[in-house]
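J.: Let the hints inform the model, and build the full structure from the sequences given.
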Amino acid sequence: MSAPAIDPVRTPVSATPARKSAGKGRTTPARFDTALGWSDRPGPAWALRVLLCLLALGVFAAPFLTIFSGSFSEKASGSTLSFLPHHPTLLNFQVAGERGIWDYFGNSLVIAGGGLLLQLAVCTLAAYALARHRFRGQALVLTLFMLTMMLPEEVIAIPLSLVLGHVPVVGVDLKGTVWGVILPLGAWGFSVMLLTEFMKDIPTEIEEAARIDGVGELRMLWQVVLPLCKPALGVAGVLGFIMIWDQYLLPLIAAKDPTDYTVTVALSILRTDPEVGSGVVLAGAVIALVPSLIVYLLLQRSLVTGIAAGATKG
Amino acid sequence: MTATATTPGPRRARIIGKKAVLPWLFLAPGLLLALVFKFLPMGKGVWLSFFDVRPFLGDKWVGLDNYTRVLTDHRFQDAIGHTLLLGVGMSLGGIVVGSALALLLEGQARSLKIIRTAVFLPVVTATAVVGEMWRLMYYPTSDGLLNSGLGLLGLGPVPYLDNPDTALWATMAMGIWMLAPYNMVIILAGLAGVDRSLYEAAAMDGVSLRQRLRHITLPAIRPALGIVLTLAAIRGLRVFTEVYVLTGGGPAGSTDVWMTRAYTLGFTRNDIGGASAASVVLLCVTLLLTVTVNYLRKRGDVR
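Line by line, the protein sequences give chains X and F.
Just remember that this note's numbering sits 7 ahead of the position in the first sequence, which is counted from 1.
Just remember that this note's numbering sits 252 ahead of the position in the second sequence, which is counted from 1.
Simulated from the structure, these hints should not be mistaken for lab results.
Even for Gly, the Cβ is constructed at its ideal location relative to N, Cα and C.
The reader is advised that the hints may include incorrect statements.
Distance condition first, Cα-Cα at most 25 Å in a straight line; then the derived DSS-like pairs of lysine-lysine [unchecked claim]:
no.	chain 1	residue 1	chain 2	residue 2
1	F	550	X	207
2	X	182	F	296
3	F	296	F	312
4	X	237	X	207
5	F	271	X	207
6	X	263	F	296
7	X	263	X	182
A few chain X residues that don't get close to chain F, going by computed Cβ distances all over 12 Å [claimed, not checked]:
no.	residue
8	51
9	104
10	107
11	126
12	183
13	216
14	230
15	235
16	264
17	277
18	278
19	282
T.: Rendered as structure tokens:
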């Protein structure tokens, strides 16, 4: 695997450098580098660790292999899952395509792309105001954004579906449009917190210099602050994408009829269709799985940093 | 003298005015979206929970009737039990398995990083996809994936999801599977902060592995454990997708949790008032839990 492997160990709060083996000047894993004191020399403890690692891989990663292999198998069902496909074929994907899986996938892509763009734009603007300006009611605004994290779709599902059907004041019906899913995802407290904290750490001198040159606020944000925020935007982007792709209840209640579903919700339609077999459902699952897999493998460092940061800020 | 003092006055006021408006312009999109799609529904939910909602006849004020109805309904009472059992089981199981994974996969070696990457896959996979995966792994006949494993151990096939006695445990197992790698990452970050020289000193004093884990490692990762437990508890309370995708609350309501119950009430039976009351109860419990935990953590930080 060429992608960089996740490495939370490299982002510690106060990590001590790995022990240097005397004289050689390069780091080698030593007995005191891990809590359990694993040794890297072949021996009973080493064998035990290898065995346990294989077990962990089997439990957490192997199911994905069976899903992939099942989706390519000619006759897949719950009773024929294995690591290698029987009679490899693309038939399952073809049947899933006939059932409109690519339309659902398109819905998903539009929602994930649009939702993420809106979320990043909205949260960056809010974070910039919170990090770079002093104003009355700042604490209240911060609390409001934190509250949005405590109001997940599950808790407000029923009234939210009423609001989506008739948005107050403008009176638009968002059901059946992608906006019904995208707009509620716009203000995500987590991204606001993350970006605010990050922007606070950017030295103000750069901005002051730009301000003397007569740079306006929007250009300042776009040309000075945003380029410096790339790491934080990466983290917010990965976590945001995975969060949006994982949405289930929101696309379900925002849809007018099943053609509006996202690919994750549409899996249930495939499953309850009596004419298609497990292989087709698996093909759908693979299609729904691949985008988040790509994002994860490309940007896993950001993801792990984000989880650790989100956990400590909470 | 007076002239010089007064001339900057209006100009400064204008600048202050502009400066005061500016942050609100930046905040406006976020606040507007949060208001319309989060706080308005919340308020509407609280409001509707006091009404008998009738689409064409107009809503009728019923006071706390919806709440008493929901809280005395035996299916909701069962759902409370399932939610608590699922939440506690998933949280504790996720922590135990997550800690075990973290202790096992701690280290700098490249092979360990690759294993960590692979083990983390369940977290990034959409819940609905995981649900489909597990439905197939739980295939009830003896040649299903998990049942054939049991067969190797000489145990009979278990109809995991089709039996009211096992369905909730099967759902819990899937929840732990999804949660444990997430916890692993947080705990690994905690483990990385442990001072290595303490391990060395302990080894010189001839401390046993168990004592070392208990007196050096555990105190160091306690904050991480606290965070993990809180996140898991809040997540456990509002568990929906896992159950909805895997069992839909069945068989015979044996896996019905608070949110699936509210969903059925609101969207299938069109009892908006009752469903709103159920959501408000959940909201209150979530807020209470969050506030309590934040308070405890703040106190812990000071100490």
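J.: Now, for every hint given, state plainly whether the structure supports it.
T.: Against the structure, the hints:
no.	hint	verdict
1	F:550 with X:207	22 Å, holds
2	X:182 with F:296	18 Å, holds
3	F:296 with F:312	15 Å, holds
4	X:237 with X:207	14 Å, holds
5	F:271 with X:207	19 Å, holds
6	X:263 with F:296	21 Å, holds
7	X:263 with X:182	6 Å, holds
8	51	14 Å, holds
9	104	18 Å, holds
10	107	16 Å, holds
11	126	9 Å, violated
12	183	16 Å, holds
13	216	19 Å, holds
14	230	16 Å, holds
15	235	17 Å, holds
16	264	14 Å, holds
17	277	9 Å, violated
18	278	7 Å, violated
19	282	17 Å, holds
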